[in-house]
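Chains as they are written, first to last, in full-length UniProt numbering: chain S, 1 to 472; chain G, 1 to 472; chain B, 1 to 472.
Mixed in with the good hints, there may be bad ones.
Identical chains blur together in the list; that is why a pair holds if it fits in one copy or across any two.
What the hints assert, rightly or not - Below, a list of computed lysine to aspartate or glutamate pairs in the DMTMM-like style, where the Cα atoms sit at most 20 Å apart:
id, residue 1, residue 2
1, Lys302, Asp431
2, Lys243, Asp37
3, Lys33, Asp115
4, Lys302, Asp457
5, Lys36, Glu329
6, Lys213, Asp228
Note that these hints are calculated values from the structure, not bench results.
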Amino acid sequence: MIDVPFFSQFLKVSNFYTLIAIVLLGAAMVCLKMLKDKKVSFSKRMIIALIIGLVLGIGIDIISNKSGIYIDHARGEISAWFGLIGTGFLKLVQLLAIPVVFLSIIKVVVDVQGDRIRSLTGRTFITLLSTTAISAIVGILVVKLFNLNATSFAGDLTEQKTEFINNIASQSFPEFFLNLIPNNIISVMGDNGSIVSVVIIAAMFASAIRFLKVKKPTEVAPFVTFLDSLRTTVNSVLTNVIKLMPYGVVALVSNTIISNGIQSVVSMLGFIAALYTGVIIMLLVYVVILSFMGVNPVMFYKKAFNTLLFAFSSRSSVGTLPYTLQTLEKDMGVSGETSNFVATLGTTIGMNGCAGVFPAMLGTLVAAAAGATMDFSFFVLVVVVVTVGSIGIAGVPGTATVAATVTLNGLGYGSAISSIGAVFGIDPIVDMGRTMLNVCGSMVSSIVVDKWEGTFDKDQFNTPSNHTQINE
Amino acid sequence: MIDVPFFSQFLKVSNFYTLIAIVLLGAAMVCLKMLKDKKVSFSKRMIIALIIGLVLGIGIDIISNKSGIYIDHARGEISAWFGLIGTGFLKLVQLLAIPVVFLSIIKVVVDVQGDRIRSLTGRTFITLLSTTAISAIVGILVVKLFNLNATSFAGDLTEQKTEFINNIASQSFPEFFLNLIPNNIISVMGDNGSIVSVVIIAAMFASAIRFLKVKKPTEVAPFVTFLDSLRTTVNSVLTNVIKLMPYGVVALVSNTIISNGIQSVVSMLGFIAALYTGVIIMLLVYVVILSFMGVNPVMFYKKAFNTLLFAFSSRSSVGTLPYTLQTLEKDMGVSGETSNFVATLGTTIGMNGCAGVFPAMLGTLVAAAAGATMDFSFFVLVVVVVTVGSIGIAGVPGTATVAATVTLNGLGYGSAISSIGAVFGIDPIVDMGRTMLNVCGSMVSSIVVDKWEGTFDKDQFNTPSNHTQINE
Amino acid sequence: MIDVPFFSQFLKVSNFYTLIAIVLLGAAMVCLKMLKDKKVSFSKRMIIALIIGLVLGIGIDIISNKSGIYIDHARGEISAWFGLIGTGFLKLVQLLAIPVVFLSIIKVVVDVQGDRIRSLTGRTFITLLSTTAISAIVGILVVKLFNLNATSFAGDLTEQKTEFINNIASQSFPEFFLNLIPNNIISVMGDNGSIVSVVIIAAMFASAIRFLKVKKPTEVAPFVTFLDSLRTTVNSVLTNVIKLMPYGVVALVSNTIISNGIQSVVSMLGFIAALYTGVIIMLLVYVVILSFMGVNPVMFYKKAFNTLLFAFSSRSSVGTLPYTLQTLEKDMGVSGETSNFVATLGTTIGMNGCAGVFPAMLGTLVAAAAGATMDFSFFVLVVVVVTVGSIGIAGVPGTATVAATVTLNGLGYGSAISSIGAVFGIDPIVDMGRTMLNVCGSMVSSIVVDKWEGTFDKDQFNTPSNHTQINE
């Protein structure tokens with residue numbers, strides 16, 4: 001190990017562990033590039049990327065685990081370099097979230113028939129909230145099933161986290177809602193956390209455009225033409241970024257494992273297993289829902305696979321959104337209006353993972369530890385608090401923690417959140433499953449709403465997708 | 001009262017007072033909607049909204065005043081829910097302030113004859129500052145008239161307010177001005193407080209466009225066409241938002257009363273009465289000015305009524321600006337160049353209420369308490385300090401407090417501001433009158449400047465307005 | 001002197017020193033305006049402005065130096081008023097930096113042949129880093145030459161500076177790089193420090209446009225037309241701002257001298273002389289490089305003069321950038337692709353002054369004081385650390401301090417930076433030379449890369465420039 005600050009503190013390459021890890025990541029990238037040149041399909045490359053990422057992460061951590069150099073230096077260094085690739089890619093996708101949402105919503109509202117908006121909004125809320133309520137029930141269930149006990153997860157919160165939680169705890173439902181209403185177009189668009197505000201602005205402009213298209217068609221035409229042309233360009237940029245996805249997945253997955261360490265996962269195995277069981281139960285619930293709607297669940301998961309895999313790796317619902325929209329519209333035959341409405345709102349309202357399963361689990365855990373009577377009425381309260389809370393917290397970044405805070409405060413155990421600090425220590429591991437569930441939930445909801453609206457194109461859904469855009 | 005945190009802290013509906021208040025607000029909204037469906041004119045609905053708002057606010061506060069539940073819980077809860085409607089609406093109007101100003105100024109400067117800009121700027125400053133000087137005299141007058149004494153308004157400032165005041169106190173005239181010069185287009189447009197900077201940017205672009213229209217007409221045309229089309233769209237969005245104004249007025253007015261409480265108004269009655277007397281005197285001064293210019297003051301107040309009412313309810317000069325501009329141009333026959341220049345600058349420079357009457361009152365009050373000799377030369381100093389200060393503070397949010405701070409510092413009694421803390425306790429009540437006066441002053445100044453420039457369309461001014469756009 | 005707060009604290013005109021200084025500045029402005037009306041060429045007016053600025057600054061400071069009023073009041077007041085003009089002008093130029101870079105890079109990447117981008121990027125990095133390495137050597141050299149000793153520059157850092165340095169010191173190479181990757185278009189464009197991120201966004205959009213021009217020409221055309229038209233407008237706005245440059249130079253130069261004071265310069269003469277010697281050596285190194293490339297160095301400095309003079313006065317590489325680009329393209333015959341790429345990246349990567357000479361000087365100084373062995377291997381380490389560091393710090397504002405911090409940390413003497421606080425006390429004086437060197441380095445690098453690429457138009461370079469745009 002080179003003990004010169006230039007290498008250990010600035011360059012972050014001070015020992016062989018780091019060097020080898022970087023070389024291995026590089027090799028993985030080259031592999032994926034070669035597979036692409038050999039015209040291996042995008043989906044296959046995504047699976048391979050996931051496997052490489054897991055192998056790389058688990059492999060490096062297990063082999064190096066005993067070394068002091070690894071634990072004290074290399075882990076942080078590897079994490080910085082892998083983060084440069086993984087987070088760097090994620091930032092490029094997030095870059096397009098606001099423009100894609102803004103331009104899509106404008107197109108949707110301009111094109112849609114006037115009276116549909118109201119029914120669309122109502123049905124979207126009903127569907128998203130119903131699945132969230134089911135998620136809350138599943139959350140309670142798995143805590144009972146795994147017999148989890150809050151005392152096993154005792155630990156301290158960081159000072160920053162505590163401050164964040166206290167800040168959230170002081171806000172109320174009407175205040176959360178007021179924060180969603182935009183008061184400056186530019187500042188709202190400069191903040192990736194304000195997707196709902198962007199939707200409101202887009203809707204306001206779109207309804208003005210619809211009105212002007214009848215009253216002053218010549219005057220409004222140049223602006224509309226500009227927006228169309230811009231949307232074409234933004235979508236093309238997006239396609240280019242999505243092509244890089246397999247490379248990003250390798251770095252993101254392996255980095256999540258390395259930066260947390262296998263050891264920390266093992267110590268929290270009970271909680272992690274319970275949460276992932278909850279995720280799997282929900283995925284099965286979706287099978288039931290889809291079958292009930294007459295939609296083939298196998299085809300759904302086949303087509304949703306890449307999107308879910310990216311949500312899992314990236315832990316960012318908003319980052320995944322551009323891809324979610326493309327999959328729904330191009331592969332699954334969901335109408336543009338529905339997919340844009342449901343999937344976009346679904347990144348902030350009624351998230352099945354972050355604002356459903358997870359806060360319900362924490363609420364049940366903490367309340368049990370505090371000696372609350374675990375009767376039927378209590379569980380009903382949990383489900384109500386979680387579901388109503390999942391609307392209120394829309395648009396606040398760090399959704400899962402926010403939802404947990406709101407739930408615990410709503411149940412009257414707000415101060416007890418600090419007693420289960422260990423849960424937040426492994427948050428990234430848990431967040432992978434949670435985010436995937438959010439995205440899957442909003443995709444299922446999109447299909448449900450689209451069927452309800454009568455605009456679902458079942459033939460397109462059943463046609464095997466070819467992903468021409470991405471594979472070429 | 002339900003004493004569960006979910007209801008009292010999160011939902012903010014924990015008792016019957018809150019519930020009934022929300023139901024009453026809802027009923028008021030339905031009433032206003034019915035009046036609209038019955039084609040009652042916009043102006044009538046605005047007056048009705050003001051009356052309902054006053055009745056609702058005073059009624060709820062007087063009836064509930066004795067109840068501990070109301071004072072400890074319901075007042076805050078009602079304020080949160082009424083604020084969601086009132087402030088929510090206000091934010092939607094503010095959303096359009098920057099785009100409307102930017103696009104209007106560009107159009108104005110492109111269209112105006114080159115040499116007019118200089119005369120326009122000079123005359124605008126002269127007119128705005130003259131009315132501000134008159135306001136300062138009126139401010140001194142009412143303090144003497146009501147025999148106000150600073151010791152009646154003793155009270156502590158909040159820590160946040162003190163910090164804000166200290167920060168302002170350390171800035172000087174050249175520094176305030178330097179802050180107005182923009183150094184980044186996007187960051188300036190992302191801040192609703194930087195209207196003057198937006199005007200500067202718009203003027204720079206407009207003069208380039210004017211030059212290019214002669215030298216490179218084909219190259220510049222697409223950008224100009226885009227801006228025209230965008231302006232049409234933004235104005236249409238604005239019209240839609242303005243239609244919601246009566247609903248906003250009900251919530252804003254009643255909320256100002258409820259959240260402050262009648263009790264606090266009574267204890268400060270002396271100050272409030274003095275300020276509103278000052279406002280009324282200024283409104284009469286405008287009658288004199290307009291008559292002197294040969295403009296019918298009755299017609300002016302008739303046409304200005306809705307705008308002034310909204311300024312009164314919203315307490316936001318910038319929020320009212322889009323409506324001010326429409327009224328001046330469409331109803332009052334003020335030329336686009338003048339109205340855009342004067343009214344836009346008037347939201348930050350030479351505000352008759354916030355930077356005229358109010359700081360003059362505070363300066364006189366505090367200086368008298370500190371034992372200053374109240375001779376003629378002192379009053380002249382007050383008028384000079386207030387008037388010059390009213391330019392310097394342009395663009396700093398929280399204008400009234402800033403103006404008061406600058407005035408007191410200028411007179412040498414800066415540290416004494418904390419001795420009259422009670423005045424800031426009822427600021428929203430006072431701010432309603434102040435803001436209305438700002439807007440009225442800038443409208444009168446627009447007419448004065450437009451007459452001076454010879455572009456005032458008296459016939460249009462004298463034609464009864466039909467508000468077709470909004471009533472339809 | 002008028003001891004009324006209104007004059008001394010708010011207006012900042014409380015004594016004759018201030019009044020006379022303001023009058024003198026006004027007279028200088030009028031002089032320059034008259035010279036312009038007499039059609040004196042822009043370059044001549046720039047030189048005259050520099051001379052007036054120096055005379056004004058040195059004159060006022062030497063004459064007033066003995067007066068307590070000047071030292072306690074007038075210096076600060078003059079600085080505030082001169083700053084209003086100087087910094088105000090600088091802000092107007094900075095206003096255009098982001099739009100100019102964004103629109104230029106888009107045009108360049110759309111027009112350039114696909115495979116050139118890679119070679120262009122590679123060669124740009126090589127050239128910028130080579131000149132930085134040479135600068136580092138020069139930096140070491142001048143410390144030895146002037147026999148500087150760290151103990152002469154002992155002094156305390158401000159608390160704010162210390163915090164800034166500690167914050168920088170905790171970041172690493174991969175973290176600096178990750179910060180360059182944008183994740184929101186609007187927020188990046190709202191920050192003048194994020195030029196590299198803007199370049200990345202522009203490149204992403206441009207490559208999408210290039211692809212769409214072939215595949216969907218009709219759809220992409222309106223957006224491209226809009227961008228072209230916007231670029232024409234922005235360039236016209238820029239031309240208007242540049243015309244004001246001589247006025248800005250007078251205020252900027254005199255203000256730098258007055259606000260620092262001749263006295264402080266004298267006490268730090270050793271360091272200042274060493275740094276400016278380093279700057280001059282580098283300017284001679286460029287002569288060698290250019291001659292070696294077969295480019296006439298006299299013609300280069302003649303054409304670069306105005307740009308370098310502005311960089312010197314404004315102390316802002318980004319602020320100078322729009323002018324740098326115009327000079328390279330219109331006067332020096334450097335192709336648009338190269339100039340945009342090299343000069344834009346050169347404002348953040350491989351800055352010869354801020355990230356070359358300066359940090360090398362500080363590193364050598366501090367290490368010598370700390371007793372490091374000054375052998376060959378140490379100097380190699382300094383050069384490596386400085387050069388690699390000059391990439392890593394890209395895009396962090398306050399480049400020189402950042403580069404010094406990174407270098408000292410890299411050498412292992414991070415904590416010693418506070419021992420030479422006096423160096424930062426006269427930073428503006430030193431910054432003038434440093435910034436000029438940055439800009440000159442990036443211009444030389446542009447020519448080197450353009451020759452290498454074979455796109456350099458030597459005939460245009462050798463044609464005397466006429467500056468028609470600006471002189472008219």
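Verification of the hints:
In the homo-oligomer, the alpha carbons of Lys302 and Asp431 never lie at most 20 Å apart, since the shortest distance is 22 Å inside one protomer and 60 Å across protomers. Taking the shortest Cα distances, Lys243 and Asp37 sit within 20 Å of each other inside one copy (13 Å), while across copies they are farther apart (54 Å). For the identical chains of this complex, Lys33 and Asp115 are inter-copy neighbours only, at 19 Å across copies versus 49 Å inside a copy, given an alpha-carbon limit of 20 Å. In this assembly of identical chains, the alpha carbons of Lys302 and Asp457 lie at most 20 Å apart only when taken from the same copy (17 Å versus 57 Å across copies).
In the homo-oligomer, the alpha carbons of Lys36 and Glu329 never lie at most 20 Å apart, since the shortest distance is 25 Å inside one protomer and 40 Å across protomers. In the homo-oligomer, the alpha carbons of Lys213 and Asp228 lie at most 20 Å apart both inside one protomer (14 Å) and across protomers (15 Å), since each shortest distance falls under that limit.
Comparing the model with each numbered hint stated earlier shows that hints 1 and 5 do not hold.
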